[in-house]
Structure formats: C-alpha cells, structure tokens
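J.: As a plain string of letters, each chain reads:
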Amino acid sequence: MKNRWIALYVENQVGVLAKVSGLFSAKSYNLQTLTVGTTEQEDVSRMTISVKADDVTFEQIKKQLNAMVEVIKVIDLTTIPIHMKEILYATVHGLDSVGKTEAFQIAEVFDRGGSVKICDIGGDTVLFECTLTENKNNELIALLKSRFKKVQIVRGGAVAVEAISRSNR
Amino acid sequence: MALNITGRKLFVKALKEEGVDTIFAYPGGMITDIVDELYKTEGIRVVLGRHEQALVHEAEGYARATGKTAVVLVTSGPGATNTITGIADAYYDSIPMVIFTGQVPLHLIGNDAFQEVDIVGMTRSITKFGVTVRNREDMGKLIKMGFQVASTGKPGPVLIDIPKDIQVTSGSPEYPDHVDIRGYHPNENVHIGQLKKAYRLLKNAKRPLILAGGGVRIAGAQKNLLEFATKMNIPVTTTIMGKGVMPEDSPLYIGNCGMHGRFAANKAVTECDVLFSIGTRFNDRITGELDEFAPKAQIVHVDIASASISRNVVVDVPVTADAKIALERLCEYAEAMDTKKWLCELKAWEKEHPLTMPKSKVGVCPQTICEGINEVFPKANIVTDVGQHQMWATQFIKLNEGQEFITSGGLGTMGFGFPAAIGASIGNPKKDVVLVTGDGGFQMNMQEMATAMTIGVSVVICLFNNSTLGMVRQMQQLFYGKRYEITDLSAEDGSYYPDFLKWAEGYQCKAIRVTDADGVVPALKEAKKNKGITLIDFIVSPDDLVLPMVKSGTPLGDMILK
Ligand SMILES: Cc1ncc(C[n+]2csc(CCOP(=O)(O)OP(=O)(O)O)c2C)c(N)n1
Numbered sequence: 001m002k003n004r005w006i007a008l009y010v011e012n013q014v015g016v017l018a019k020v021s022g023l024f025s026a027k028s029y030n031l032q033t034l035t036v037g038t039t040e041q042e043d044v045s046r047m048t049i050s051v052k053a054d055d056v057t058f059e060q061i062k063k064q065l066n067a068m069v070e071v072i073k074v075i076d077l078t079t080i081p082i083h084m085k086e087i088l089y090a091t092v093h094g095l096d097s098v099g100k101t102e103a104f105q106i107a108e109v110f111d112r113g114g115s116v117k118i119c120d121i122g123g124d125t126v127l128f129e130c131t132l133t134e135n136k137n138n139e140l141i142a143l144l145k146s147r148f149k150k151v152q153i154v155r156g157g158a159v160a161v162e163a164i165s166r167s168n169r
Numbered sequence: 170m171a172l173n174i175t176g177r178k179l180f181v182k183a184l185k186e187e188g189v190d191t192i193f194a195y196p197g198g199m200i201t202d203i204v205d206e207l208y209k210t211e212g213i214r215v216v217l218g219r220h221e222q223a224l225v226h227e228a229e230g231y232a233r234a235t236g237k238t239a240v241v242l243v244t245s246g247p248g249a250t251n252t253i254t255g256i257a258d259a260y261y262d263s264i265p266m267v268i269f270t271g272q273v274p275l276h277l278i279g280n281d282a283f284q285e286v287d288i289v290g291m292t293r294s295i296t297k298f299g300v301t302v303r304n305r306e307d308m309g310k311l312i313k314m315g316f317q318v319a320s321t322g323k324p325g326p327v328l329i330d331i332p333k334d335i336q337v338t339s340g341s342p343e344y345p346d347h348v349d350i351r352g353y354h355p356n357e358n359v360h361i362g363q364l365k366k367a368y369r370l371l372k373n374a375k376r377p378l379i380l381a382g383g384g385v386r387i388a389g390a391q392k393n394l395l396e397f398a399t400k401m402n403i404p405v406t407t408t409i410m411g412k413g414v415m416p417e418d419s420p421l422y423i424g425n426c427g428m429h430g431r432f433a434a435n436k437a438v439t440e441c442d443v444l445f446s447i448g449t450r451f452n453d454r455i456t457g458e459l460d461e462f463a464p465k466a467q468i469v470h471v472d473i474a475s476a477s478i479s480r481n482v483v484v485d486v487p488v489t490a491d492a493k494i495a496l497e498r499l500c501e502y503a504e505a506m507d508t509k510k511w512l513c514e515l516k517a518w519e520k521e522h523p524l525t526m527p528k529s530k531v532g533v534c535p536q537t538i539c540e541g542i543n544e545v546f547p548k549a550n551i552v553t554d555v556g557q558h559q560m561w562a563t564q565f566i567k568l569n570e571g572q573e574f575i576t577s578g579g580l581g582t583m584g585f586g587f588p589a590a591i592g593a594s595i596g597n598p599k600k601d602v603v604l605v606t607g608d609g610g611f612q613m614n615m616q617e618m619a620t621a622m623t624i625g626v627s628v629v630i631c632l633f634n635n636s637t638l639g640m641v642r643q644m645q646q647l648f649y650g651k652r653y654e655i656t657d658l659s660a661e662d663g664s665y666y667p668d669f670l671k672w673a674e675g676y677q678c679k680a681i682r683v684t685d686a687d688g689v690v691p692a693l694k695e696a697k698k699n700k701g702i703t704l705i706d707f708i709v710s711p712d713d714l715v716l717p718m719v720k721s722g723t724p725l726g727d728m729i730l731k
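Going down the list, the protein sequences come from chains A and B.
Residue numbering for the first sequence follows the working numbering, starting at 1 and increasing by one per position.
Residue numbering for the second sequence follows the working numbering, starting at 170 and increasing by one per position.
Some hints here could point you the wrong way.
[Stated by the list, open to error] Restraint ranges, calculated between C-beta atoms of paired labels, are given here: (1) B:G290 / A:E42: 19 to 29 Å; (2) B:V337 / A:K27: 34 to 44 Å; (3) B:P523 / A:N3: 50 to 60 Å; (4) B:G290 / A:T39: 16 to 26 Å; (5) A:I80 / B:P342: 23 to 33 Å; (6) B:D281 / A:K117: 23 to 33 Å.
[Claimed, not checked] Below, in silico cross-link-like pairs of lysine-lysine (BS3-like), each with a Cα-Cα straight-line distance of 25 Å or less: (7) B:K731 / B:K720; (8) B:K400 / B:K310; (9) A:K63 / B:K323; (10) B:K310 / A:K73.
Derived from the structure by calculation, the hints contain no laboratory data.
Each residue gets a CB set at the ideal place from its N, CA and C atoms; glycine is no exception.
Given these sequences and hints, build the entire structure.
T.: The structure is reproduced here in structure tokens:
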C-alpha cells in the first residue's frame with residue numbers, strides 16, 4: 001500500500017465533491033486527503049486527492065473516477081514530476097522567552113525561502129504558518145510536539161501541480 | 170426568436186422529441202403542473218402504478234422488452250424515496266431509464282420543507298447521473314443530457330429533479346439535439362491490437378470457453394456471438410443476465426454457470442484454459458471463491474466499461490469495447506478450431522450430472538412447471554421474481570430466438586417480477602408474458618394487480634407457492650441445521666394468507682390452483698386462451714431444493730449436488 005496522488009478536473013457544480021468523495025467511501029477506498037478549488041475556468045474545479053492503495057485498487061480508482069459523468073480528466077500524479085505543498089498552521093502555547101527563541105530558530109531552520117514563518121505572536125504564544133510538503137510538515141509537527149507541551153495543529157490537504165522542469169520531484 | 174414557454178411545456182416537448190410514447194407516473198403536489206400538462210398532451214400514454222417502487226420496475230420491464238429508454242415521473246419526498254429500490258435495481262442491471270422527480274420550489278430547498286428530500290444525494294451511488302434543475306434555462310440541456318447518458322455506453326438510470334417553480338417559469342423553448350458532455354465519452358471503438366491478442370490466445374487454446382453476460386444482449390450482439398462461437402467451435406456458458414443470448418438448442422451452449430449453474434458449465438469454467446468473457450462483470454454469484462475462479466485459464470474480458478475490467482477478476486487481456494463491435498471484428502478473422510475432444514469432455518460431464526430435479530414429495534415439481542411453460546409458451550417473454558423459482562426458471566425454461574428473459578440479476582430485488590411483467594406487456598402487447606414468481610416476492614408488489622387489471626395488460630402469473638421464503642429456507646436447510654426462523658409464511662396452525670384464488674376474485678381476475686403434475690399444462694393452456702391476467706397458484710413443496718449449489722465463498726468446482 002503506497003501513497004498515491006491524483007489530480008482531477010471536474011465540473012464545478014453542486015454535488016460533485018460529494019459524488020467524488022462518496023465514491024471513496026462507497027467502495028471502501030482509503031482516502032487520505034482531498035482538496036478542491038476552482039481553476040482559471042470558472043466552471044471547472046481541480047481536486048488533488050491522495051489515497052493509500054495497492055496497484056490494482058489504484059487502477060480501479062482511476063477508472064471509476066474516469067467513468068463519472070462529472071469528471072473531465074484524471075491525472076495520475078504518482079509517476080510524474082510535480083510540485084506539491086500543504087498549508088499548515090501550528091499554534092504553540094505556554095512559551096517562556098527561551099521557548100520563544102527556540103520557536104524562532106526552528107522556523108528559521110525549516111524555512112526554505114518563505115515557506116515557514118512565525119506570522120503572529122502573543123504573550124506566551126507563537127503561530128507558525130507553513131507551506132511545506134506533507135512529509136516536511138510531518139517532521140515539523142513531530143519536532144514541535146517533542147519540544148513544547150501544548151501544540152495546536154491545523155492542516156489543509158495538499159495541492160499539487162505538474163512540474164515544468166522535468167527533474168523536479 | 171421563438172416565444173418563451175413554461176418548464177412544464179418544455180418537459181412535454183422534450184419527451185416528444187425523445188420519441189417517448191409511454192411514461193410511468195404517480196402524482197403528487199410537486200408535479201401537478203407537469204401532470205396537468207400531460208392531460209393536454211396527445212401521443213404520450215401515462216401509466217399510473219400503485220406504488221412508486223413498482224412503477225420503476227414496470228418501467229424496467231418496459232425498457233427490457235422494448236430496448237427503449239423508460240421514463241418515470243414521481244413527486245418529491247416520499248414519492249421520490251419510494252423509487253430508490255427500483256433505481257438501484259435498474260442501475261445494477263444497466264437499464265436505460267430517466268426518472269423525473271418533482272422537488273419543492275428552489276427557495277425552500279434545504280429548509281426541511283414539506284415533502285422535501287435530497288433525492289439527488291440519496292441516489293448518487295445508484296445513478297449514472299443525477300441533477301436538480303436550478304435554473305429554468307438549463308432545463309432543456311439537462312433533460313437532453315439525461316437521455317443521452319441513460320442510453321449510451323453502459324446504460325443506466327439517470328435522475329432529474331425539477332423544482333416546482335422551474336416547472337412554471339417561462340424560458341427558452343429550445344430542446345437541443347445533442348449535448349456535448351466533456352467528461353463523458355462512452356466507448357465506440359475497439360482496440361484492434363488487444364482484440365487480436367485475445368484471438369491469438371483463443372486460437373492456441375485446447376479448452377476454450379466463452380462466458381457471455383447481459384452486455385451481449387444490451388449490445389444486441391446475440392447473432393454475432395452465435396456466429397463467432399460457431400465459426401470457432403467454442404462452447405458458450407452464460408450468466409443469469411446473459412441467459413438467452415445464445416440459443417439454448419445450439420450444440421455449443423452448455424447452460425448457465427455460477428452459484429446455481431449446471432454441473433458441466435461450472436466444470437468447464439474450472440477446467441478451461443482460455444476464458445473469453447464478454448459483457449459480464451464477474452459478479453460473485455458467477456465466480457464463487459475468487460482465488461479459485463477459472464484457475465487454469467488465461468482470461469480475456471471484453472466490456473464496454475473499462476471500470477468493469479479487472480475489478481473482480483484480474484484479466485490477462487482487457488478489451489474495452491461494445492460487445493457487438495468486438496464480435497463483428499472477431500468474426501472477420503475467426504477460423505475453425507478443433508475442439509472435438511473438449512466438447513466430448515463437456516458432454517461427459519453433462520451425462521455425469523444432468524440437470525434435473527427429483528420428483529417432489531408433495532405438490533407440483535418446479536421442473537414440471539417450467540417444462541409446461543416451455544411447451545405452452547415457446548415464444549413468450551419470461552419474467553421472474555427473485556428466489557428459488559428464479560433459479561429453477563433459469564435452469565429449466567428454454568429460450569428460443571426472440572424471447573426475452575427479464576430478471577433482477579444484480580440487485581436480486583424481491584417484488585421486481587410482477588410489475589416488470591406488467592411493464593413488459595405494456596411495451597410489447599403482442600407478446601405473451603409469463604411471470605415466474607414466488608409467494609414471498611409476489612406479496613411485495615401484488616397491489617399492482619389493480620394497475621394491470623385497470624389498464625388491461627395480459628400476463629400469466631405462475632406463482633410457485635411453497636408457503637415459505639424458499640431461497641433462504643434452503644440455506645437454513647443446508648447450512649443452519651433446519652432452523653427455519655422467519656422463513657415460514659404460514660400461520661402456526663398451517664393456514665395460509667391470502668387465499669390467492671379469493672384474493673384474485675377481488676380483482677375480478679382469473680385464477681386457477683394446480684396441486685399436481687397433471688394440472689400443469691391444462692392450466693397454462695387455459696391461461697393462454699384468456700386475454701388479461703391469469704394467476705396460476707402452483708402448490709410447491711417447501712422442501713424442494715435448487716441444485717447444484719455452490720456455497721457462497723467456495724470454489725465453483727465444489728458443487729453441492731444432492
Ligand atoms: C427485497 C428483498 N428482501 C429480501 C431478499 C432476500 N431473499 C432472497 S430470496 C428470498 C426468498 C424468496 O421467497 P419467495 O418469493 O417465496 O420465492 P421462493 O424462493 O420461495 O421461490 C429472500 C427473502 C431479497 N432478495 N429482496
């Protein structure tokens with residue numbers, strides 16, 4: 001069972017998201033994340049979906065999605081170079097000044113040209129805002145949890161796009 | 170520019186342009202406007218059922234007997250929810266159908282208004298496409314889309330939900346000839362390379378076998394199948410949905426395979442070295458234990474829906490194509506194979522365990538009833554309900570060319586038979602319709618007798634009355650130590666309700682009771698003479714079994730034979 005990625009172009013209509021997500025629940029496919037937003041065409045939305053599945057199941061999922069009247073195109077992102085990021089907010093509470101310094105250091109180390117910053121700060125609280133890969137976000141969460149007592153996490157699903165330069169992955 | 174018209178007028182215009190001459194309808198507050206429009210319309214027959222579930226089955230029977238797309242019209246809320254079982258049935262058996270549901274006015278949607286339900290949401294997983302018309306200007310386009318999607322590719326039901334205000338709002342009178350649907354491209358071609366690969370595989374086989382399903386019938390490819398099998402000398406087995414796609418008297422036809430398939434057919438699947446399957450989706454009733462399915466064979470799978478291929482059975486050569494197109498191409502290069510030895514083996518298996526039932530201890534033997542039907546009704550369309558009687562019908566009724574076998578295969582819906590038979594008769598009034606039903610399933614939609622008598626259709630109801638839910642009782646008998654919990658339909662003192670003869674009298678319909686073998690043919694002959702409905706109450710023993718049987722989850726080769 002590997003993690004796989006699909007991008008899906010769908011009609012931007014009421015009920016389409018429910019139909020796509022309903023397919024996953026109805027057929028017991030293990031949906032990891034699903035994000036959706038409009039494209040440059042107002043009447044077309046693009047979804048980024050990640051599932052955990054074996055080869056056979058994954059082929060089925062793609063076919064089943066393709067069979068839906070509302071699905072315009074299915075792109076398998078598993079095998080092509082892509083850029084993929086996930087939004088994450090992490091609020092760390094109960095910090096003294098040493099803790100705060102450490103939080104800033106962590107942000108600095110994880111930052112790759114603006115992808116992690118501390119975007120807000122209060123008496124004993126700091127707020128991280130990150131757009132990293134899902135894996136990198138996982139590492140950051142693990143580190144924050146090991147260093148600080150109270151960490152609150154809000155993650156969005158991943159959004160992916162095909163790379164222009166083929167060497168990217 | 171043509172003058173604007175109301176939604177209700179556009180609705181009728183759309184039906185006319187689709188060539189719809191019959192619709193199946195049940196009224197209610199949220200479709201009274203459309204109903205009123207139909208009153209003013211000529212050329213569309215409106216059939217009133219007595220329950221919306223039955224109405225959908227009636228439409229299914231109509232579609233299956235005519236090949237046309239059936240149309241259903243019901244009101245919102247309970248009218249709509251009552252259709253759900255029928256829609257699911259149509260979905261699993263790929264029946265082209267458009268269901269129109271009334272809906273509360275747009276401004277009330279989402280407010281838990283009186284008789285509001287999210288029917289599009291509820292039927293999302295059992296329709297090919299479903300939509301609420303939210304804008305009067307989209308109505309024509311969406312109805313067209315509905316008919317297009319329902320009838321092309323792998324057919325199926327489409328649901329179009331029309332809010333009451335849309336029905337009375339004026340707008341464009343346009344009804345398009347065609348809608349481009351960017352996400353919908355049903356397969357119209359066949360990959361010749363894949364087909365040649367399949368052919369080579371077959372050609373090199375020692376024990377080739379064709380497994381044909383309902384897709385062959387939907388594609389109208391019966392003749393092509395016969396031609397292909399005959400040209401190559403390959404034996405053919407069928408699924409229940411495929412019953413009738415191969416003439417039963419062909420020396421190459423070996424009967425149905427699957428849970429209650431013939432011994433020889435199940436052996437053939439187990440022993441073949443190439444299985445050429447076409448228009449079937451390898452339902453578990455066909456495969457038995459998956460890991461042991463056709464264990465010695467390389468498998469070819471031809472199906473119009475690529476999503477059906479390699480879903481259950483992983484295949485060696487997938488071919489996404491319409492069955493007719495694929496068979497036509499194959500016939501162009503098909504050459505005779507020497508399969509004599511293999512056909513002899515099949516004959517020997519058939520001899521070892523021929524399909525036949527022991528004589529019943531009491532009542533009429535089901536096999537005798539089926540043979541009586543063969544004798545008296547060699548040209549009728551055969552409709553079944555779900556249960557033992559359905560399996561006996563698939564085993565013992567012989568279909569000739571031009572006969573349809575109309576049964577609920579995918580969902581196995583009790584209550585399907587009687588309304589479907591009515592629908593089949595409405596669709597094809599010149600043809601005799603014989604219904605084979607059980608006393609359990611019949612009681613699930615027997616109110617439709619009123620529909621049938623009122624509109625005057627002609628159906629012979631062969632009620633296999635064993636006073637039990639036989640199919641489940643059979644499992645209790647074989648696997649649950651004869652603990653007959655909730656499968657006996659009679660009272661503790663043995664009395665049975667209703668007395669079907671007296672009940673039929675209430676509907677002023679002819680009814681005959683048959684309690685022994687001698688009564689079978691005379692009763693059927695009398696029914697044949699009688700135009701209208703005849704109910705024949707065949708008294709059948711509750712202990713009669715459908716055999717062979719492959720226990721759920723065991724290999725096809727492991728059949729219970731006695
Ligand atoms: C709506 C529905 N409920 C339950 C079942 C489960 N079921 C399958 S066959 C059967 C018994 C059918 O009894 P009857 O109609 O009397 O036919 P018989 O098997 O006796 O020929 C039942 C309960 C079903 N298929 N459909």
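J.: Hint by hint, note whether the structure agrees.
T.: A quick look at each hint next to the structure:
no. : hint                        : in the structure
1   : B:G290 / A:E42: 19 to 29 Å  : holds (24 Å)
2   : B:V337 / A:K27: 34 to 44 Å  : holds (40 Å)
3   : B:P523 / A:N3: 50 to 60 Å   : holds (55 Å)
4   : B:G290 / A:T39: 16 to 26 Å  : holds (25 Å)
5   : A:I80 / B:P342: 23 to 33 Å  : violated (48 Å)
6   : B:D281 / A:K117: 23 to 33 Å : violated (45 Å)
7   : B:K731 / B:K720             : holds (13 Å)
8   : B:K400 / B:K310             : violated (46 Å)
9   : A:K63 / B:K323              : holds (14 Å)
10  : B:K310 / A:K73              : holds (22 Å)
Figure legend: structure checked against the earlier numbered hints; hints not met, in rising order: 5, 6, 8.
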